[in-house]
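Engineer: One-letter residues, chain by chain:
4 protein chains.
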Amino acid sequence: MGVGKFSDPFLLINFKTYLEAAGKRAVELARIVEKVGKSNDVRFGVAPQFCDIAQVASAVEIPVFAQHIDPIPPGAFTGHVLAESVKAAGASGTVINHSERNIQLIDIDACVRRAREIGLSTIVCAGTSKLAAAVALTEPDMVAIEPPELIGSGRAVSKERPEIVSDSVRKIRGTNPNVRILCGAGITTGEDLYAALKLGAEGVIVASGVAKSLKPESVLFEFSQAVRRFL
Amino acid sequence: MGVGKFSDPFLLINFKTYLEAAGKRAVELARIVEKVGKSNDVRFGVAPQFCDIAQVASAVEIPVFAQHIDPIPPGAFTGHVLAESVKAAGASGTVINHSERNIQLIDIDACVRRAREIGLSTIVCAGTSKLAAAVALTEPDMVAIEPPELIGSGRAVSKERPEIVSDSVRKIRGTNPNVRILCGAGITTGEDLYAALKLGAEGVIVASGVAKSLKPESVLFEFSQAVRRFL
Amino acid sequence: MGVGKFSDPFLLINFKTYLEAAGKRAVELARIVEKVGKSNDVRFGVAPQFCDIAQVASAVEIPVFAQHIDPIPPGAFTGHVLAESVKAAGASGTVINHSERNIQLIDIDACVRRAREIGLSTIVCAGTSKLAAAVALTEPDMVAIEPPELIGSGRAVSKERPEIVSDSVRKIRGTNPNVRILCGAGITTGEDLYAALKLGAEGVIVASGVAKSLKPESVLFEFSQAVRRFL
Amino acid sequence: MGVGKFSDPFLLINFKTYLEAAGKRAVELARIVEKVGKSNDVRFGVAPQFCDIAQVASAVEIPVFAQHIDPIPPGAFTGHVLAESVKAAGASGTVINHSERNIQLIDIDACVRRAREIGLSTIVCAGTSKLAAAVALTEPDMVAIEPPELIGSGRAVSKERPEIVSDSVRKIRGTNPNVRILCGAGITTGEDLYAALKLGAEGVIVASGVAKSLKPESVLFEFSQAVRRFL
Numbered sequence: 002m003g004v005g006k007f008s009d010p011f012l013l014i015n016f017k018t019y020l021e022a023a024g025k026r027a028v029e030l031a032r033i034v035e036k037v038g039k040s041n042d043v044r045f046g047v048a049p050q051f052c053d054i055a056q057v058a059s060a061v062e063i064p065v066f067a068q069h070i071d072p073i074p075p076g077a078f079t080g081h082v083l084a085e086s087v088k089a090a091g092a093s094g095t096v097i098n099h100s101e102r103n104i105q106l107i108d109i110d111a112c113v114r115r116a117r118e119i120g121l122s123t124i125v126c127a128g129t130s131k132l133a134a135a136v137a138l139t140e141p142d143m144v145a146i147e148p149p150e151l152i153g154s155g156r157a158v159s160k161e162r163p164e165i166v167s168d169s170v171r172k173i174r175g176t177n178p179n180v181r182i183l184c185g186a187g188i189t190t191g192e193d194l195y196a197a198l199k200l201g202a203e204g205v206i207v208a209s210g211v212a213k214s215l216k217p218e219s220v221l222f223e224f225s226q227a228v229r230r231f232l
Numbered sequence: 002m003g004v005g006k007f008s009d010p011f012l013l014i015n016f017k018t019y020l021e022a023a024g025k026r027a028v029e030l031a032r033i034v035e036k037v038g039k040s041n042d043v044r045f046g047v048a049p050q051f052c053d054i055a056q057v058a059s060a061v062e063i064p065v066f067a068q069h070i071d072p073i074p075p076g077a078f079t080g081h082v083l084a085e086s087v088k089a090a091g092a093s094g095t096v097i098n099h100s101e102r103n104i105q106l107i108d109i110d111a112c113v114r115r116a117r118e119i120g121l122s123t124i125v126c127a128g129t130s131k132l133a134a135a136v137a138l139t140e141p142d143m144v145a146i147e148p149p150e151l152i153g154s155g156r157a158v159s160k161e162r163p164e165i166v167s168d169s170v171r172k173i174r175g176t177n178p179n180v181r182i183l184c185g186a187g188i189t190t191g192e193d194l195y196a197a198l199k200l201g202a203e204g205v206i207v208a209s210g211v212a213k214s215l216k217p218e219s220v221l222f223e224f225s226q227a228v229r230r231f232l
Numbered sequence: 002m003g004v005g006k007f008s009d010p011f012l013l014i015n016f017k018t019y020l021e022a023a024g025k026r027a028v029e030l031a032r033i034v035e036k037v038g039k040s041n042d043v044r045f046g047v048a049p050q051f052c053d054i055a056q057v058a059s060a061v062e063i064p065v066f067a068q069h070i071d072p073i074p075p076g077a078f079t080g081h082v083l084a085e086s087v088k089a090a091g092a093s094g095t096v097i098n099h100s101e102r103n104i105q106l107i108d109i110d111a112c113v114r115r116a117r118e119i120g121l122s123t124i125v126c127a128g129t130s131k132l133a134a135a136v137a138l139t140e141p142d143m144v145a146i147e148p149p150e151l152i153g154s155g156r157a158v159s160k161e162r163p164e165i166v167s168d169s170v171r172k173i174r175g176t177n178p179n180v181r182i183l184c185g186a187g188i189t190t191g192e193d194l195y196a197a198l199k200l201g202a203e204g205v206i207v208a209s210g211v212a213k214s215l216k217p218e219s220v221l222f223e224f225s226q227a228v229r230r231f232l
Numbered sequence: 002m003g004v005g006k007f008s009d010p011f012l013l014i015n016f017k018t019y020l021e022a023a024g025k026r027a028v029e030l031a032r033i034v035e036k037v038g039k040s041n042d043v044r045f046g047v048a049p050q051f052c053d054i055a056q057v058a059s060a061v062e063i064p065v066f067a068q069h070i071d072p073i074p075p076g077a078f079t080g081h082v083l084a085e086s087v088k089a090a091g092a093s094g095t096v097i098n099h100s101e102r103n104i105q106l107i108d109i110d111a112c113v114r115r116a117r118e119i120g121l122s123t124i125v126c127a128g129t130s131k132l133a134a135a136v137a138l139t140e141p142d143m144v145a146i147e148p149p150e151l152i153g154s155g156r157a158v159s160k161e162r163p164e165i166v167s168d169s170v171r172k173i174r175g176t177n178p179n180v181r182i183l184c185g186a187g188i189t190t191g192e193d194l195y196a197a198l199k200l201g202a203e204g205v206i207v208a209s210g211v212a213k214s215l216k217p218e219s220v221l222f223e224f225s226q227a228v229r230r231f232l
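First to last, the sequence lines map onto chains A, B, C and D.
The number in my numbering is simply the position in the first sequence, starting from 1, with 1 added.
The number in my numbering is simply the position in the second sequence, starting from 1, with 1 added.
The number in my numbering is simply the position in the third sequence, starting from 1, with 1 added.
The number in my numbering is simply the position in the fourth sequence, starting from 1, with 1 added.
Wrong hints could be hidden among the right ones.
[To be verified] Which bits of chain C does chain D cover? Going by a derived footprint, with three or more residues having C-beta under 8 angstroms, they are:
| id | region |
| --- | --- |
| 1 | 20-33 |
| 2 | 44-56 |
| 3 | 71-81 |
FYI, nobody ran anything at the bench for these hints, they're computed from the structure.
Backbone N, C-alpha and C fix where the C-beta goes; we use that ideal spot for every residue, glycine too.
Based on the sequences and whatever the hints tell you, model everything.
Structural biologist: Right, here's the structure in full:
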């Protein structure tokens, strides 16, 4: 189940390498995300660790994203992350160039092409509006603008630095009219999400706000209400 | 099920990022490896891709190794491989510093410590006898000497360059009397394996010789016979 | 002495880590480049190794470029290449993201900003027209399109794949109307250079064609004639 | 002028990428180091940035070290640091694997071999006694133990953590009886240096303690007195 076909906002929950969202707890959290999404008719996706993709993907029907792939073909690449393997495990997409896993420009392009080749959706991240417009030229399905200085800060990009979001939307549209635009960093409340959508974002990436929350279900419900209010 | 407690040779089958050993075929191959091992009372392990660990580990009881881990604690490390996650998926160990995934010396040490902390066995690879002796100082459970120029060559290190194996055994023993010593590169026949054991190796790593074989079961059986002949 | 102010084509001779263009031979080659450039009123620059910058820059007046800088401020960064140090040695610019020294997208941007901060010209390289347009968004002084598969091949990008050059010019102009556009890879003759200029390139990067030539003076003279013919 | 032949302590002043020790100030500082060394008959060396090597080496006769080299042969390696180039610029040695420029284990070995091939002395750094013993197996001329947590701290390894130094000496001797053993991190006073020598170090690496000092000459004099007292 892809996300490209929906005009509704897309919310990706990034599990990072949090213990709170690893192993069995990855499956549990993914189920909660799916449940709240279904109840409220909101499009959520989850990005668990590589080792959790198979179990998460067999437990839920919402889109599952890898957090990274390597720009390699099948072959002798011990210890690398092969796009085909990610897909076989049940993922429908992958994050590329997250600020915690920056890669070379040439590899961003190669990863987008590899993913497209085998039918994985792509979200390429960038930390500034300029770089977001640059990566949009590699023609991924989605671009995510996430200022690294706000990631994990609890201060939402859409509230603290709204101009980064609106500026990114404008610049990205200048290089790629079709890419879906996400934003992220510090988003923890419905208000943060609502503000992001109002600024032109077509979705968000949220990590600790959900994955480290004591009440992820409440946060997800609040996000859902914000989406419904926006639509 | 660990491997450190056995005095018998240990044979790790590295699935690399071969399509022939990915997804469902990873599970099938792991089952074949387990079956041949059980029938012949030979200790095999498998090292599938990250995304396949969970499914392989739930299908077989033999040791499952990750092909790599990152030297990170739990936290905000999107796209990295967390030791805890590898273990939660069912792996009992990990390969570190494979020649196709070389890491910094400081990270070899950090990975060995992280793995030990949470109870994962470790196999640290090195390409020369000198470097094998060096990595043995980080006190992993196993050290694997694999000359990169012979990897995937079909020319076995134990036949083509037997002195590398014997020299490694001697040098590794000089820095670490307890570590289990494996060798690898080009091993495809029972003779290759037998020669390796005769030279002092206490196990081997085999990749394409099994994973890309049209008859993996035959190759594994031949390996088993070589082990039984050696014991 | 910068290059940005000239509307004439700019030809950068990349000395790479060729022994033929290192140490004293770097100084000699730079002198030949300068001499031919002056005699024919053609704008040349040279990019020697880091350790040769000071001696080359004190021997010639043409622009000297570093082959790379690191995206670091002054401080505790042992073994890195500081923009200020490159400039103090006499360089007036730097190459960034050469295909033999690819860096992360985030670092391309950081290097361009660091260089601009202290007054170094920048040439950012990219291997495809799409990526050339992407790096142009970081607003360097120059962008160089160099398809890696043709680098060092002796087959000129401007003759073998003219559409790459024209396509790059068009795409780069779409993201940055002011950047100077260079091309490179396989350029060894005056004809190759002339073709590049005709396709819209405003300069070229040449390495082995000059640095490994037995008669660099002849090659440089041929280049100069091609420039004069074009103007 | 090498350092391997002296049984006297060797003190390397690492200029890092400090502005206070770059460009002309690198030459000035190197001259001060040389002057104090000569007056007091103490063996000093300096490790300026790549771009400063040529000017420093032509201004002083004491050993000049590069801060890093890349494990490459001459050829098409734009932006890399070639051992031959470092030597041609006047360096007599190179630091390898500084904690601010960690490299892969395989590259430590390759760098030591490349340096030896062309006659550059080598100092391989490591952050723990165990890793210091490991790198000693690559047979460099010197091994430097520098706990990263104390680098730049002003708290000397030899005073704060004397057991790290003595332990390193013992472990390094276990793998390599001939290598010269240096220590570093936080050394700023004559007492710190004296303590290091007493613990078995045969030299030290000092960076900010000299390079960022307002009175480098005094610090160097104090170091010299400590050496003379020790001998």
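Engineer: Could you work out which of the previously given hints the structure breaks and list their numbers from low to high?
Structural biologist: Of the numbered hints given earlier, the structure breaks none, since each of them holds.
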